[in-house]
Amino acid sequence: EADIYQTPRYLVIGTGKKITLECSQTMGHDKMYWYQQDPGMELHLIHYSYGVNSTEKGDLSSESTVSRIRTEHFPLTLESARPSHTSQYLCASSAKYGTEGGDTQYFGPGTRLTVL
Amino acid sequence: AQKITQTQPGMFVQEKEAVTLDCTYDTSDPSYGLFWYKQPSSGEMIFLIYQGSYDQQNATEGRYSLNFQKARKSANLVISASQLGDSAMYFCAMREQGGSEKLVFGKGTKLTVNP
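The listed protein sequences correspond, in order, to chains L and D.
With our numbering, letter number 26 in the first sequence gets 134, and the count goes up by one each step, no holes.
With our numbering, letter number 68 in the second sequence gets 153, and the count goes up by one each step, no holes.
Worth double-checking, as some hints may not be accurate.
Simulated restraints on C-beta separations [to be verified]:
1. L/D167 - D/T105: 26 to 32 Å
2. D/S113 - L/M135: 28 to 34 Å
3. L/S192 - D/S116: 33 to 39 Å
4. D/K88 - L/D111: 45 to 51 Å
5. D/Q168 - L/V160: 38 to 44 Å
6. D/Q141 - L/P116: 42 to 48 Å
7. D/Q141 - L/L119: 43 to 49 Å
8. L/I121 - D/S116: 38 to 44 Å
Heads up, incomplete: computed chain D residues facing chain L, CB under 10 Å, no partners named [claimed, not checked]:
9. F120
10. E129
11. M130
12. Y149
13. S150
14. F153
15. A156
16. A178
17. K192
18. G193
Honestly, the hints are just simulated from the structure, not real lab data.
Note that the structure is a prediction, hence the values are computed from the model and not measured.
Using N, Cα and C, we set each Cβ at its ideal position, and we do this for glycine too.
Bound-form chain L, shown alone (with noise of 0.2 Å):
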């Protein structure tokens, strides 16, 4: 079973606002993912990280920025929150392509994030 972890679960936030979603894994996992989901629609990918010091732009383009500076640890800042930042965000993250199981990324319980 997948140990990673996602906080704030909820939040509700207000235009302008500054934020960071926590997102940490307890696997030695090399590579981590940021998922934008609205609801009912497909995941896209915003941003991924292949290790520590390694942080590469997803599919969709955000205006949210992420750091890798712990393996474990790869959080998700936006510098001022709008209403179109409304959304699920989910972290995801997997081993080295090679290792046993290297190919599955595990996902966290998400983000909801509400800008007013």
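Got chain L sorted already, so can you dock chain D onto it with the hints?
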């Protein structure tokens, strides 16, 4: 071009019956992986089953099996003996080896299991 297509926005099945959720994919990469995830109303994504492009046999995990037809580029999920707790969104996803190993998701199928 959409790489993962799930043509069934919604499916209904009676409890204890089997159901097939369709997924077709598009890739020119000879090495790829196919995944199915379940997303209950609580929002988390639960990994169900994986099929590698070079796997000779269809993947199975308990009540889940993957009907992999490589020539047709389809990877349908079969759930046997449906349970009420199977009601959820189901997403098919593909990872292309030649790229950055990112997952591309389909739009999902909402499965409802009726008692």
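Hint by hint, which ones does this structure get wrong, listed from lowest number up?
-> Hints 4, 12, 13, 14, 15 contradicted; others consistent.
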